[in-house]
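With chain U's structure known, arrange chain R on it following the hints.
Number of protein chains: 2
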Amino acid sequence: MALIVQKFGGSSVADADRLRNVASIIAETYRAGNDVVVVVSAQGDTTDDLIAKAKELNESPSRREMDVLLSAGEQMSCALLAITIEKMGLPVCSLLGWQAGFQTTSAYGIARIKNVKADRIRIELDKKNIVVVAGFQGICKYDDITTLGRGGSDTSAVAIAAAMHADRCQIYTDVEGVYTADPRKIKGAVKLSEITYDEMLELATLGAQVLNNRSVEMAKKYGVVLEVLSSMKRVPGTIVKEVVSVEKMLVRGVTKDVNVARISVLGVPDVPGIAFKIFSKIAAKNINVDIILQSVGRDGTKDIAFTVSRDHAQTAMELLGDSFELLRGKTVLCDTDVAKISIVGAGMETHPGTAAKMFEALYEADINIQMIATSEIKISVLIDAKDADRAVDSVHRAFVPEDLVL
Amino acid sequence: MALIVQKFGGSSVADADRLRNVASIIAETYRAGNDVVVVVSAQGDTTDDLIAKAKELNESPSRREMDVLLSAGEQMSCALLAITIEKMGLPVCSLLGWQAGFQTTSAYGIARIKNVKADRIRIELDKKNIVVVAGFQGICKYDDITTLGRGGSDTSAVAIAAAMHADRCQIYTDVEGVYTADPRKIKGAVKLSEITYDEMLELATLGAQVLNNRSVEMAKKYGVVLEVLSSMKRVPGTIVKEVVSVEKMLVRGVTKDVNVARISVLGVPDVPGIAFKIFSKIAAKNINVDIILQSVGRDGTKDIAFTVSRDHAQTAMELLGDSFELLRGKTVLCDTDVAKISIVGAGMETHPGTAAKMFEALYEADINIQMIATSEIKISVLIDAKDADRAVDSVHRAFVPEDLVL
Chain U
89 MALIVQKFGG
99 SSVADADRLR
109 NVASIIAETY
119 RAGNDVVVVV
129 SAQGDTTDDL
139 IAKAKELNES
149 PSRREMDVLL
159 SAGEQMSCAL
169 LAITIEKMGL
179 PVCSLLGWQA
189 GFQTTSAYGI
199 ARIKNVKADR
209 IRIELDKKNI
219 VVVAGFQGIC
229 KYDDITTLGR
239 GGSDTSAVAI
249 AAAMHADRCQ
259 IYTDVEGVYT
269 ADPRKIKGAV
279 KLSEITYDEM
289 LELATLGAQV
299 LNNRSVEMAK
309 KYGVVLEVLS
319 SMKRVPGTIV
329 KEVVSVEKML
339 VRGVTKDVNV
349 ARISVLGVPD
359 VPGIAFKIFS
369 KIAAKNINVD
379 IILQSVGRDG
389 TKDIAFTVSR
399 DHAQTAMELL
409 GDSFELLRGK
419 TVLCDTDVAK
429 ISIVGAGMET
439 HPGTAAKMFE
449 ALYEADINIQ
459 MIATSEIKIS
469 VLIDAKDADR
479 AVDSVHRAFV
489 PEDLVL
Chain R
89 MALIVQKFGG
99 SSVADADRLR
109 NVASIIAETY
119 RAGNDVVVVV
129 SAQGDTTDDL
139 IAKAKELNES
149 PSRREMDVLL
159 SAGEQMSCAL
169 LAITIEKMGL
179 PVCSLLGWQA
189 GFQTTSAYGI
199 ARIKNVKADR
209 IRIELDKKNI
219 VVVAGFQGIC
229 KYDDITTLGR
239 GGSDTSAVAI
249 AAAMHADRCQ
259 IYTDVEGVYT
269 ADPRKIKGAV
279 KLSEITYDEM
289 LELATLGAQV
299 LNNRSVEMAK
309 KYGVVLEVLS
319 SMKRVPGTIV
329 KEVVSVEKML
339 VRGVTKDVNV
349 ARISVLGVPD
359 VPGIAFKIFS
369 KIAAKNINVD
379 IILQSVGRDG
389 TKDIAFTVSR
399 DHAQTAMELL
409 GDSFELLRGK
419 TVLCDTDVAK
429 ISIVGAGMET
439 HPGTAAKMFE
449 ALYEADINIQ
459 MIATSEIKIS
469 VLIDAKDADR
479 AVDSVHRAFV
489 PEDLVL
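Heads up: the sequence lines are chains U and R, in that order.
FYI, my numbering numbers position 164 of the first sequence as 252, with every residue one higher than the one before it.
FYI, my numbering numbers position 364 of the second sequence as 452, with every residue one higher than the one before it.
Be aware that one or more of the hints could be misleading.
You can't tell identical chains apart in this list, so a pair holds if it fits in one copy or across any two.
Claimed, not checked - Computed cross-link-like contacts, DSS-like style, restricted to lysine-lysine with a CA-CA straight-line distance of at most 30 Å:
1) Lys279 x Lys205
2) Lys273 x Lys445
3) Lys202 x Lys365
4) Lys175 x Lys365
5) Lys141 x Lys229
6) Lys229 x Lys205
7) Lys143 x Lys216
8) Lys365 x Lys215
9) Lys390 x Lys175
10) Lys143 x Lys175
Simulated from the structure, these hints should not be mistaken for lab results.
With the rest of the complex left out, here is chain U (with noise of 0.2 Å):
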């Protein structure tokens, strides 16, 4: 018997036929004889309907408010999923974020979870039943109710699993696990059967949204294995651990991300602390800086370039302008027709070929490179937008072997 911690988006709830499905995943589980605690989002499009909601009242509603409209959404689908499974017959109780324990910062609608006290989740498996738990909901200090923001379900599962050292953390998904590029786009897309945290988070920050990356973070901090797979298809997912035992692949996986800009700074001074002023000020608005690429300098100045997402470049480009008195009469480019190609592996950092490999598919598909930033597990090129379909199928060949079975 094993304690296995089982997460279903909103999409895997959307409706009847959907929970009846999950309500047989999870009856399946707990007839095989395991102890089972569900962990489930809203359903389908509630929590964007209760914004839009609050928004036709009040263009800028308090968050403590808000969080207690949207942890409705969680607490309807977690009563209806108990209802399904009662109808089957099993012995079920929901619980919500405060009755599960989930004791939370006071950040409103980006609160963290500090503790998750789960005697009452304790009682209710001694009483042989199934739990299922509200995601993304907790409560703070003041006894208010928080969310723990997007993709917060996500992060209540592993919490949850750690604090209860569940052996398994499964997250149900529409995808079938993680593949080594996007199975929609690149024929020979190969499902892995594991992955490591390290790579799930590069991954995950380079666009591949399987997993929210702060429960990847957590389930490395406290060792709980997830897995990713299908509600929909009953076939295993993927396996996401500490190490793993597949070496015959170098590269777990291509990934492709065009929610980058490039903002780049012409002609500044080539005198110490420039970059420091540069990006402390950037920093200073929580936007996060990727790849950056400085010139040697000539003739006492030098260029800046470097990469935030499409969403922060507009304000990025009003820090870098006329408020900010260091570059004044600086010509400031920024360019949103890029994308970024990485390829994630943590094999690749004992095989010094691997850039070039890269670089070299690149070449043979005609796309030029703009700029280049590597860490021990990754490498990221940023290219021009409208060749990051070929560049990923390219790259993909080259590391990934059309006839791989994993």
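Below, chain R alone, put in the same frame as chain U:
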């Protein structure tokens, strides 16, 4: 400065415009220097929609899970109302049942309030916040969410008013107050400026459907002054309290109840204990019996007739049928084609001619009386359903002067 509790029903907060209207009533009360605690029901059809969703998944969901589901309705409406009040620039804080200190029995779906520990409400009032409380819900000793059953938000409002010794508890509805008869049907129906708790209880029981009975009982018990008024039209409503000053009217209201069925048992043995056995059997199923009529015994047998609500007629008939040894072979009849017409008024107990005047009005309208029941402040008659509206009209004309202005 007074402490005012204001309760708004589901139709009063059904959409954005109505929420804004309600917010303006609250703002007016607050700006006049009062402490304001608002109790709100779920918006419009929310509760019915949620019930339908649950029934699609499970025709007999547990009451516990239904309470988790349905309480989300009030959670959403109280957050939306708070968000609307924020928009007006006023300080506000929403509280759910468990935050507001509603401790109830654990009879899910039909819980009773045991206590309101209003500490949190007081803290928020001390901070000068308008407090918006989700009606209809509380928590039981197991820390589970409970709901109070139909009309529960009225009871929530009265319970807060009682616990906090509020100066007034205003129940906003879609009618302007309590009338001597249904104003949509009876020309000359007059709005009452005041009415006693007991009169209100009789009127509510008899189908006036303005206030939930439990809330009136609680208001009477704790001496909470109620006011029934319209959220749409800003005019004084009807005050409900212990003693009223209006003396000029004998009868406070004329009501019609068509949700009634008459059951007759013919030819039962005329021996002691028969009535006891019949009605204890029915009471055991929680069926309320209203008017009871027993014929004078003849030839060792007698007839017993009584009324129940139409919803319970089928169950009552089954109880009295073959399952009941005592009545085997007896004729049991059920007539659902009846209506109960009643007059209510605390003054009538000291006016012996009241019943006669009512019967005269019915006689003049050529309406046959099937059964009669009287109490200290009420006289009810059972008649053919087809005569109901004419009966109310005739009786109302007999008791309520056409030129009466209260």
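Which hints, by number, does the structure contradict?
1, 3, 4, 8, 9
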